[in-house]
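When you get a sec, could you build the whole thing from the sequences and use the hints?
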Amino acid sequence: MSAMGVLSQLLALVTALVLAPLLTGWVNQWRHWLQNKSGPGLLQPYRMLHKLFQKESLVAEHASQLFRMAPYVIFGCMLLAGAIVPTLSTDLPLSPAADAIALVGLFALARVFISLAAMDVGTAFGTLGARREMLVGFLAEPALLMVLFCASMITGSTSLTVIVETLAHRELAIYPSMLLAGVAFTMVSLAENARVPVDNPDTHLELTMIHEALILEYSARHLALLEWAASLKLFAYSCIGLALFFPWGVAEANAPLALLLALPVLVFKLAVGGMALAMIETVSAKMRIFRVTEFLGTAFLLAVIGLLVNVLLGVG
Amino acid sequence: MSTLAPQLINLFATLILLLSFSMISQRRIVSLINLFAIQGAALVAASFLLGYVTHQPDLYVSGVLTLVLKVIFIPWMLHRLIRKLNVRWDVETLFNVPTTMLVGIGLVIFSFSLALPISRLSQSIAGGSLGIALACVLLSFMMMITRSKAVPQVIGFLSMENGLIFAATTVTNGMPMIVEFGIALDVLVGVLILGVFMFQIREKFDSLDIHNLETLKDDSA
Amino acid sequence: MSALVFVLGIPLLGGLALAFYGHRLWARDVNVGFSLGTFLAACFLTNHTIDHGPELLWDQQFYIDQLNVFLVTLTAFVSLTTAIFSRPYMRVEQDHGKMTPPRMRLYHSMYQLFSFTMLLGFTTNNLGIIWVAMEAATLTTVLLVSVYRTSASLEAAWKYFILCGVGIAQALFGTILLYMAADKVLGAEHATLLWTSLNDVKGQLDPTIITLAFVFLLIGYGTKVGLVPLHSWLPDAHAEGPTPVSAVLSGLLLNVAMYAVLRCKVLTDGALGTQMAGQLMMGFGLLSVTVAAFFLSRQKDVKRMFSYSSIEHMGLITFAFGMGSPLANFAGLLHMTVHSLVKSAIFFTVGHATQKAGTQVMSEIRGLIKVNPTVGWGLMLGVMAILGMPPFGVFASEFLILTTAMREQPWAAPFLFLALGIAFASILARVLPMVFGDTTLKPLAHPPALLPVFLHLVLALVLGLYIPPYLNGWYVQAAALLGG
Amino acid sequence: MHSFTHPGDWLHLDWVLVVVCAWLLIGCAGVVALRRFRLVATVLFPAGAFFSILLMAVALSAAFAGPEVAVLPLGLPQLPFHLRLDSLSAFFLLLIGGVSAGVSTFAAGYFRKGEGTPPGLICLEYHAFLASIAMVVLADDAYVFMVVWETMAFSSFFLVMANHRIPEIRRAGYLYMLVAHIGALGILLCFGLLQANTGDYTFANMRAQHLTPFWGSVAFCLAVFGFGAKAGLLPLHVWLPEAHPAAPSPFSALMSGVMLKIALYGILRVGFDLLQTRIWWWGVLLMAVGLATALFGVVFSTVQVDMKRLLAYSSIENVGLICAGMGLSMLFAAYGMQALAALALTAALYHMISHAFFKSLLFCSTGAVLHATGERGLGKLGGLMRYMPWVAWPTLIGVLSCAGLPPFGGFVAEWLLLQSFLFTTGLPSSFLDMLVPVMAAMIALIAALGGYTMVKYFGVIFLGQPRDAKLAQAHDAGMWERLGMLWLVTGCVALGLFPNQMIALMEPVTQLLVRGGLAHTVADSGWLLVPVHIDRASYAPAIFLLGVLASFGLTYVLVRKLYHGRMRRVPPWDCGHPWQTARMQDTAEGFGQPIRQIFEPFFRMVRRLPTAFDAKPSYRVEVEDPLWHWLYVPLVSLVEKVSRLVGLLQQGRIAVYLMYSFVTLIVVLLVVK
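Chains as they are written, first to last, in this note's numbering: chain G, 6 to 321; chain H, 778 to 998; chain A, 113 to 596; chain L, 1272 to 1944.
Do not rely on the hints blindly, as some may be mistaken.
Here are the simulated DSSO-like cross-link-like pairs (lysine-lysine), alpha carbons at most 27 Å apart as the crow flies [said to hold, decoys possible]:
no.	chain 1	residue 1	chain 2	residue 2
1	H	K981	A	K412
2	H	K994	A	K412
3	G	K60	L	K1832
4	A	K296	L	K1651
5	A	K482	A	K412
6	H	K861	H	K994
7	L	K1912	H	K994
8	G	K42	G	K291
9	A	K412	A	K468
10	A	K210	H	K994
11	A	K210	A	K468
12	L	K1741	L	K1887
13	H	K981	H	K994
14	A	K314	L	K1944
15	G	K56	L	K1912
16	L	K1651	L	K1887
17	G	K56	G	K42
18	A	K554	A	K412
19	H	K994	A	K468
20	L	K1741	L	K1651
21	H	K981	A	K210
22	A	K412	A	K296
23	A	K412	L	K1912
The set of hints was computed from the structure by calculation and includes no laboratory data.
Spelled out as structure tokens, the structure:
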């Protein structure tokens, strides 16, 4: 628990909190540009958050305490996820507390709470959204786990910081299993973050919405927290992607100036990632809800095949 | 006299075997009962002869017992029963007579082959008759199977007893007295009970046909 | 003047006395009195044998050793409890008009004579007298089975008499052959059918004759034990007679026949030296267990079902004795005891249940627990005991039989597994609706005498959990007597 | 038998026997006070709970003590009852004591007047059930094991038949008893083999025997068959979804939580302890059966509409997962990899004890809901959170733990299981190396689906609006019921937050069974749970929970401080459709519909679709267990066919019977000649 460690941990937290809405804004901006519209601007998410925090919260008559407590729990989980994933440096005192499986568990905890909260209100949309969220979740979660297992098979450990350190120091070798895991990971992150092929983040059309249906009943500060948590989730997912597939440039322990260098590298990587995400969204069209299961099924199988390839070639 | 006795014993044995065969093929009840009486008489003669030859008094006693029971009392009772139940019609069998005869011969051959190794060892003068006795038992057993009327079945049962008593007397010069009495008592009481049953069956089903004694079964659906 | 005089004398006397006064009202109590006397005499006899070991009585005509003395006590005890059970049962039957005074007289006297023949069969040393006792037992039970004079009971009695008569005739032929073999070894003048003398000299008996003799004896007495395929008379006879008779038939008469087979097996094993006798018994035993199990699922009449269950258990006992090792003999004897106790207890409860429902068809007997909890629970516990649930003794013996079978004859284990499984499934499927659920039955006028039922079940429970060393010594000596 | 010295220096075994006798005495007291329901509820059951806690304490102290042996005068003459308390039985006694304490207290508050069998009788059956379970774990020879094993089945059979007025319950009771007995026969034959012709049935002798691989495998398969029938492994699971819902809830809690574990204890005892030969394919068999059962169980639990059947199928799933863990541990042990075998076994044991706690908690909650609403179908419940908070919140913790979510015990068990499945680089045969990661993938999928089920269970019952008007009068749980549920909740939370201490408890068990343990690595890593090595994997539930709570509290305070906390109650948004009714919420079938669609081949669905001409159109879909039609119906019809054939033997004609006797005589004579 060196001072340096605590500093880098706090830094990671703060960057997560600050950069997450920026990343969402950046992706939306790019999407609008690609659809040759002039988007609402890069800082729109911050303005929206600020506006929502001002408003008075309207809560449904039948909603129980769970409904009002859920946004805080979900925001807390996403914040912890941001702290665990090694974004700037691998010297994180909190990281031994939770390894890859715990991270997936954390996402699952958030998902369960958001679904329960949606069902608590007792309208048709809430339960509809909850059912679809759980449907996506029960296929995406094992796929994400398998992707993380691919990496841990190579590096021999499930602790994220150790994975990043070993992958960063390895010479530039092409791991076929990581290729398959990469494809699977992109499909899973699209589904988890409610991006276009699986679910459209902006729409309120009952037939198609998954994520929106969950937060339909929320307003004001609860809605703000949930939106912020959603962007944090996107930020966490992209950081996991970067950590697994582009680990270079993350600072090691007791290297203060490397810490300073890591920030711009992270921002650059996130920008490129955001552009790629916007590109994928504009190119692909939304799928029917029952095609999503095949989509995620293929992701799961790809990850498992990646694992097998890893065992077959004896890499790692 | 000593050489004559074994031949006489074998004569009586063959006589009993012949009677068993005739009982199988017999169609009329009255003559069936008479044949049974004659078989009893042959058995009595055999035991008297054996008693005389082997100087064993208890053979005489068993002979008298058989005489009283199997030759006099039981046939008389069966005749009275038939007159009272006016059962005079012929006795049809399940299989036609020729097949039963063929099966009978098969049985005789089987019992002879079975008894051959044993009869050589037996010291008693009528060793050979064990095979014949076994044949009588199996033949009367088969008679009980093929008859579909109550009275012939009873007669079959009794002629089986005759075969057994004959085996006992010829092969081992009779059983110990106490056992002889027991067997005789059991047979007597058995016949009495069968008589009582026949009355009840007659009264319940007003026919002595075994076919209506087939209600208790498990093969129904 | 050993206790044997009383053991045999009292039932004979009872039979004669009740022949004249059987129809009186107090005849039932006299019947119980006589059975009680017999039981006390049996207890004296047992103590005597335990202290002084086996002994020959009245110039060797009667022989008491550990094997038959415990069977004598068991028989006396079960006939006592059945007599107690039959008091209220017969009164209800009389109210229903099924039992007229002359029939009551016949019933009581035959009941006592029947226990006399069984006790005679156990205690006599002469194989011929065993045969006479078996024949006499058949005669008395034929009259008992046909006491209702319905067409079904008549048919059952007729078949019972003819089939058992033929069976026992074959046994007589076997005895004659045995006598012949003895005649050759002991010489003509002092050749006897006394089991003890034959037992001493069984080594020199001629193998071919003894083989033939054992076959006839096994098939003869096997018919009385109810081994498949000689079993056809048993379901009819046990189902049609009054329930006390079924209880005594299922509980005790089968043991007498099995005892006779065991006596012959000891001689045959001595004479032949090979395991032929054991293998034959195992074959018949296994066939009986499997075939009877399949019969169980087809039954509609409750007493017929339990008579098939008796066939199955007797098959299991024959299989155990067929295996022949001391542990298997011990298990067989234990199973014989516990089967008699539990099966008679079940017949007691079934008797009350059928009287309540007025029919023996199982589909019309429902919800016994609701009508009369003691009868309901009695039947449930009894059935659980007979199906081999652990606290009861049947499980202990089945445990020993199955594990020794798995050890010595692994080929037999699948058959036993299949048969016990199917038997369990079929009996429980029939009994559960009878005991649980709603019902339209009404309680009876006379309260049922359920003391015997729970007395038997407690004894079975004791035999299951803790066999007192006193009783265990008995079994071990008896098992050793059976050799192997 | 040892003399009754001062209780101070009694063996742990004696204390356990004291608890068992106390339970039996309470049972008998129940019979005496047959109808006095108040006495039974408020005195006898709590007394039972007290003795359960005593048992737990004894088990805790016995876990580290050496094995103790005792011989009771009961049993067969040559085979008196041998009892043995070693670390494996101590662990299971701990499990029994812990769970039964909670369930007994819950049961104290559960009884109402005039319901089915008199409460006194239920008290007897319940405590006899508990006593026999405790004795099964102590048994040290085949006879006493079989006696108490079937007494357990016997007493739980009467518990299942508690209200036997309903025909379905009778059918369930019959099925339960039948499969239990068939299983017991299998175990009996297995013991017959294990004593390998020595005639000595004590476990000590069985351990000394060295069976040939063939007979060893036959014994192992018989054991898996016998104990699997009781645990609910795949082909023999049909009784579980019938029997557990049929029993009153506290007893189905005990049956699901504890009895299934005792069946798995049997596999552990025979597979690891008695059979000295270890063959690798035994592990693969156990893993395959386990995973098939788990997948089958979880898929079926998602589509159930009756809450207790849903939990019963979820128990099947968890039993499957535990079996897979045991199979993996056996596989490692066969290849001599002690450390990994210990890891897999610890995962299985951890899953056992956490499942015992959270499943009993969930069954108790269904009991409370059933008593409050009298309704078991999920379709008619909903919105009970408002009326029954004391039941809802503990159930939420149970649901989160069952779904395997981080701060609770379920997650630690799943975490250990995944760890053990992941690091299998050393297996000699490449096929196994390939197989184990695929199994890890299946476990992840099964755990995720478990989460799906639990969201459906909690959401449909407690959240949303009440789907039926009469739910409004649902009264909350009584004092005893709350106490029982709180005890079980503390169990779940403790299992979640203090894994190191629990693993230290399991150390002697893994040392006994696979001669390897995790204690040394776990002990010195303080708060962190480090099964193999710090770099490999680590997880600190306490810090994890602290992190979530801290961020929860921080945001709550900051938002209140920086902005405000104003709130107003408004009707929910109805998207312009004013007639929103409670029936518009998702029903239980609806929530399970996607799974039904994805896992189509698993089910045997009977659909009744409305036609155009229906006066009252109705839509019904019944999901049935396909195994019932593939395996059990043909089996029953085969038995019927054979018995019809055998029935012909008894045609009623005396001539035919005489023929049988005649032919038998001839045949036997020919055979003997």
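Okay, the hints, checked on the actual structure:
no.	hint	verdict
1	H:K981 to A:K412	holds, 25 Å
2	H:K994 to A:K412	holds, 11 Å
3	G:K60 to L:K1832	holds, 14 Å
4	A:K296 to L:K1651	violated, 89 Å
5	A:K482 to A:K412	holds, 22 Å
6	H:K861 to H:K994	violated, 32 Å
7	L:K1912 to H:K994	holds, 17 Å
8	G:K42 to G:K291	holds, 20 Å
9	A:K412 to A:K468	holds, 17 Å
10	A:K210 to H:K994	holds, 24 Å
11	A:K210 to A:K468	holds, 15 Å
12	L:K1741 to L:K1887	holds, 24 Å
13	H:K981 to H:K994	holds, 19 Å
14	A:K314 to L:K1944	holds, 20 Å
15	G:K56 to L:K1912	violated, 78 Å
16	L:K1651 to L:K1887	holds, 20 Å
17	G:K56 to G:K42	holds, 24 Å
18	A:K554 to A:K412	holds, 22 Å
19	H:K994 to A:K468	holds, 25 Å
20	L:K1741 to L:K1651	holds, 10 Å
21	H:K981 to A:K210	holds, 17 Å
22	A:K412 to A:K296	violated, 53 Å
23	A:K412 to L:K1912	holds, 17 Å
Hints 4, 6, 15, 22 from the earlier list are contradicted by this structure; the remaining hints agree with it.
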